[in-house]
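Student: Protein chains in written order, with numbering that gives the first Met the number 0: chain H, 0 to 322; chain X, 0 to 292; chain R, 0 to 245.
Simulated from the structure, these hints should not be mistaken for lab results.
Each hint should be verified, as a subset may be incorrect.
[Claimed, not checked] Cβ pair distances, simulated, as ranges:
| hint | chain 1 | residue 1 | chain 2 | residue 2 | range |
| --- | --- | --- | --- | --- | --- |
| 1 | X | E181 | H | T311 | 55 to 61 angstroms |
| 2 | H | I30 | R | R117 | 36 to 42 angstroms |
| 3 | R | S114 | H | N87 | 32 to 38 angstroms |
| 4 | H | A289 | X | M182 | 33 to 39 angstroms |
[Claimed, not checked] Which bits of chain H does chain R cover? Going by a derived footprint, with three or more residues having C-beta under 8 angstroms, they are:
| hint | stretch |
| --- | --- |
| 5 | 175-181 |
| 6 | 184-195 |
| 7 | 201-208 |
Since this is a predicted model, take the numbers as computed values, not measurements.
Note that CB positions come from ideal geometry on N, CA and C, so glycine has one too.
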Amino acid sequence: MDMHRAFARRGSKAKWWVLIAIVVLAIAPFILSEFYLSILCEALVMSLLALSFNMLFGYMGQLSFGQAAFYGMGGYTVALLITKLHFNFWLSLLAAVAVAGLLGGIIGFFCVRLRGIYFSILTLAFGQLLFFIVYKWHDFTGGDDGIQGVFPPDYLKSPVIYYFFILLVFLGVVFLLWRLVNSPFGKIMQGMRDNAVRTEFLGINIARYQLIAFVIAAAIAGLAGAVWVPFYRSVAPFYLMWIKSGEPVMASIMGGPATFFGPILGMFIMTFFHAWILGFTHFWPVIMGALILVVIFFLPGGILGFAQGRMTNRRKKGPPSKG
Amino acid sequence: MSLDVLFNQFMSGIARGALLFLVASGLSLTFGVLRVLNFAHGSLYMLGAFLSYSIWKHLLIPVVGFYVATIIAALLIAAIGLVIELFLLRRLYSRGWPEQLLATYAVVLIITDAVKWGWGGEFLSIPRPKPFTGAVLLFDFPFPSYNFFIILLGLGLVVFLWWLVYRTRLGDIIRAAAHDREMVSALGIPIPWLFTWIFVLGSLIAGLSGAVSAPYGAIALGMDIDIIIECFAVVVIGGMGSLPGTLLGSFIVGQVYAFGIMIKPELALANIFIVMAVVLIIRPWGIFGKPER
Amino acid sequence: MFLQAENLVKEFGKLRAVAGVSLGVRKGDVHAIIGPNGAGKSTFFNLLTGYHTITEGRVLFKGAEITRLPSYKRCQLGLTRSFQITSIYPKLTVYESVLMALLAHRRMTLNFFASASRFCAEDVWRILEDIGLAEQAHVQGDSLSHGDKKRLELAITLGNEPELLLLDEPTCGMSPEETETTIQLINKLSQEKGLTILFTEHDMGVVFNIARRISVLHQGQLLADGPPEEVRSSAEVQKVYLGGAA
Numbered sequence: 000m001d002m003h004r005a006f007a008r009r010g011s012k013a014k015w016w017v018l019i020a021i022v023v024l025a026i027a028p029f030i031l032s033e034f035y036l037s038i039l040c041e042a043l044v045m046s047l048l049a050l051s052f053n054m055l056f057g058y059m060g061q062l063s064f065g066q067a068a069f070y071g072m073g074g075y076t077v078a079l080l081i082t083k084l085h086f087n088f089w090l091s092l093l094a095a096v097a098v099a100g101l102l103g104g105i106i107g108f109f110c111v112r113l114r115g116i117y118f119s120i121l122t123l124a125f126g127q128l129l130f131f132i133v134y135k136w137h138d139f140t141g142g143d144d145g146i147q148g149v150f151p152p153d154y155l156k157s158p159v160i161y162y163f164f165i166l167l168v169f170l171g172v173v174f175l176l177w178r179l180v181n182s183p184f185g186k187i188m189q190g191m192r193d194n195a196v197r198t199e200f201l202g203i204n205i206a207r208y209q210l211i212a213f214v215i216a217a218a219i220a221g222l223a224g225a226v227w228v229p230f231y232r233s234v235a236p237f238y239l240m241w242i243k244s245g246e247p248v249m250a251s252i253m254g255g256p257a258t259f260f261g262p263i264l265g266m267f268i269m270t271f272f273h274a275w276i277l278g279f280t281h282f283w284p285v286i287m288g289a290l291i292l293v294v295i296f297f298l299p300g301g302i303l304g305f306a307q308g309r310m311t312n313r314r315k316k317g318p319p320s321k322g
Numbered sequence: 000m001s002l003d004v005l006f007n008q009f010m011s012g013i014a015r016g017a018l019l020f021l022v023a024s025g026l027s028l029t030f031g032v033l034r035v036l037n038f039a040h041g042s043l044y045m046l047g048a049f050l051s052y053s054i055w056k057h058l059l060i061p062v063v064g065f066y067v068a069t070i071i072a073a074l075l076i077a078a079i080g081l082v083i084e085l086f087l088l089r090r091l092y093s094r095g096w097p098e099q100l101l102a103t104y105a106v107v108l109i110i111t112d113a114v115k116w117g118w119g120g121e122f123l124s125i126p127r128p129k130p131f132t133g134a135v136l137l138f139d140f141p142f143p144s145y146n147f148f149i150i151l152l153g154l155g156l157v158v159f160l161w162w163l164v165y166r167t168r169l170g171d172i173i174r175a176a177a178h179d180r181e182m183v184s185a186l187g188i189p190i191p192w193l194f195t196w197i198f199v200l201g202s203l204i205a206g207l208s209g210a211v212s213a214p215y216g217a218i219a220l221g222m223d224i225d226i227i228i229e230c231f232a233v234v235v236i237g238g239m240g241s242l243p244g245t246l247l248g249s250f251i252v253g254q255v256y257a258f259g260i261m262i263k264p265e266l267a268l269a270n271i272f273i274v275m276a277v278v279l280i281i282r283p284w285g286i287f288g289k290p291e292r
Numbered sequence: 000m001f002l003q004a005e006n007l008v009k010e011f012g013k014l015r016a017v018a019g020v021s022l023g024v025r026k027g028d029v030h031a032i033i034g035p036n037g038a039g040k041s042t043f044f045n046l047l048t049g050y051h052t053i054t055e056g057r058v059l060f061k062g063a064e065i066t067r068l069p070s071y072k073r074c075q076l077g078l079t080r081s082f083q084i085t086s087i088y089p090k091l092t093v094y095e096s097v098l099m100a101l102l103a104h105r106r107m108t109l110n111f112f113a114s115a116s117r118f119c120a121e122d123v124w125r126i127l128e129d130i131g132l133a134e135q136a137h138v139q140g141d142s143l144s145h146g147d148k149k150r151l152e153l154a155i156t157l158g159n160e161p162e163l164l165l166l167d168e169p170t171c172g173m174s175p176e177e178t179e180t181t182i183q184l185i186n187k188l189s190q191e192k193g194l195t196i197l198f199t200e201h202d203m204g205v206v207f208n209i210a211r212r213i214s215v216l217h218q219g220q221l222l223a224d225g226p227p228e229e230v231r232s233s234a235e236v237q238k239v240y241l242g243g244a245a
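The following block holds chain H by itself, in its conformation from the complex (with noise of 0.2 angstroms):
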């Protein structure tokens, strides 16, 4: 049938985009200075946050702005294991990713009770809360002063060889992220997202799949923030903040939510611009709270939502796209 062809040759060459992005990833740090470098590997990382961001919005319709806050439970998990008990690098990656988890199973059962804005309100509430217990807490996580000196082990510390690193775990969790929201729970998803009601009527239990979804999206941000610590060599409690869970807001709103990449694309839009703005300003939650305006105004979908729009005008039947 024709739109089965249609639909053939579109994801053939959606994989040429891929194949060249990590062809290009792969040769960036041998023609990036260290200073580019670390941008690159700031935007991989939070691009993984932006994911799990997507993931609930996008995916599943519900807007977390607590996100940032189980990235820095993952950063600190890590902090916390690496420098005070001289844990296993890796296993503590592992106990973040746990930890994050755990926390998003703890949360998200509270916030999966609410659906729409209530829903989003009580993220940004929990991800304050575990903000403030972070920064009071002085003894234990240092307070305002952060942690430092957290090292990941010699054979990781060069820069470029962490880069290749952080490039591995980012394109495992993209594969395994674009597995997901294909999979049986992944249209589940995004029938929550489509017809609450209509999925309740088919003999689901909304709550339950929200909070699997929730602690899967915890997870992923935990794992960004335990791997990005290690590079940075200190964590600080503003990555729990509420501005911080801003940022994969504003790049999946920026790139396209409606597309799997689209939140990719906005974040490393947002992560270059961001290091070039802090040259002359720290003002960056004015121009974070601008962008979102423009997007919403001028660029409704995203980058990439404007940009499929344009092509589904030049078909007669539109049919529904992934990234």
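With chain H held as given, fit chains X and R onto it using these hints.
Tutor: Just chains X and R now, with coordinates in the frame of chain H:
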């Protein structure tokens, strides 16, 4: 625990609850009619506090200066609310709640940086204005008389809102619009202007509460997020979009905070979360709320 | 009785939308619930399916009590419904929507890795062909015509492999041709698949065409309950309701 200590804490809780009601009522009113949860409500509150500080410092009028500054600040915030509604929210009523929430979230980001740019990151404070500078003895414990001012304002707002919502034509429209927006519009009542006025009223209340809160607590960055979370707790516990619910919720959160300070001051905020969590498990739509189905 | 409602009451504040209705649906029947506007038909449906909480009374399905069960559990037991205002997935294709229903019913949804399109393909196509939507399998939900959307919802409910199907005004807003197609479809589902069907309708032509049993609701109460001829000839029913379309 002697009775006088308990009573003192209880009154502290009443004062805090009154202040919370001042803020939360604006949020509840806006939500009840517009069905938009104005994330930036806390930012307007914070801005009201900072603005009133600067105006007060500028005016240098003894005694009355504070009150004049409060009123001017509240009006300025109402004007800002007008701008937000006209240029941002109006274009978003036809879009979904995500866009509305994101837009108000963007405003929070913008205002938080605007305050940082305008006043720096320092804590500011205003001394309590005459005639509320001293303390009143409640069972031998000093209770700041300014707290009575806040409680009085809270009561005044309750009466005003009750009159507005149940005794005026505008109130009838408000209640009708909260129930069935399309019907009200079909009756020829211009919904856009209704929304604008309600939003401006809500902003006015936010700015007023911020200015009033200045001598009560500190004026600092982060006030916006802290208060919006507390307001949210009020609404979760008391019931969404219900004025009696907001009143009850404010009372409860105020008391939880006051007694939490007694037990372990650092965890006072966490106690509110515990109460919120309990309500969410037992009765997710709040005490005075109605289940969605 | 396959489905039994015992003295169901639903109060919205002071309004008694359903005021003590007892009725039973026999297995394999095509059972219609009719009544003037505001009679409480949709509310009654909502009580049976768990959309509203029950104020008083009981519901039993296949002999077991489901009164306090949440909606999703009732669906898992085999009780599926369609909505008066068509409830489909606007952004998913016809194929994906039916697939989702099958995956949900067969408890295959906790699969996080395999590609969803690999599963249940034969069953999806079978349902699409039965309903007549096979040619539009890859069309997005919101691109369909109103009548096709209603058929899609029917296909989705079939994907849930129900034993008892509740249809809320299945021909609402349909053209005469579409209505005729739907009538034949319901007949086919009842006769060939042995589905028990309970439906509400305003179109008396549809009702007397396919219903084997009719219950009449009026102001939240059961006015008549029996085979079509009995209901048609009941004086009470005629007085209250059957003004002309029969």
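Student: Evaluate each hint against the coordinates.
Tutor: Hint check results:
1. With their beta carbons about 32 angstroms apart, E181/X and T311/H fall outside the hinted range of 55 to 61 angstroms.
2. In this structure the hint that I30/H and R117/R lie 36 to 42 angstroms apart at CB holds, the actual value being about 40 angstroms.
3. In this structure the hint that S114/R and N87/H lie 32 to 38 angstroms apart at CB holds, the actual value being about 36 angstroms.
4. For A289/H paired with M182/X, a C-beta distance near 38 angstroms keeps the hint of 33 to 39 angstroms intact.
5. Taking a C-beta to C-beta cut-off of 8 angstroms, the stretch 175-181 of chain H contributes 4 residues in contact with chain R, enough for the three needed, and the coverage statement holds.
6. Figure legend: the stretch 184-195 of chain H, annotated as covered by chain R; annotation consistent (8 residues with Cβ-Cβ distances under 8 angstroms, at least 3 required).
7. With 6 residues carrying a beta carbon less than 8 angstroms from a beta carbon of chain R, the stretch 201-208 of chain H meets the three-residue requirement, and the given coverage holds.
Of the numbered hints given earlier, the model fails hint 1 alone.
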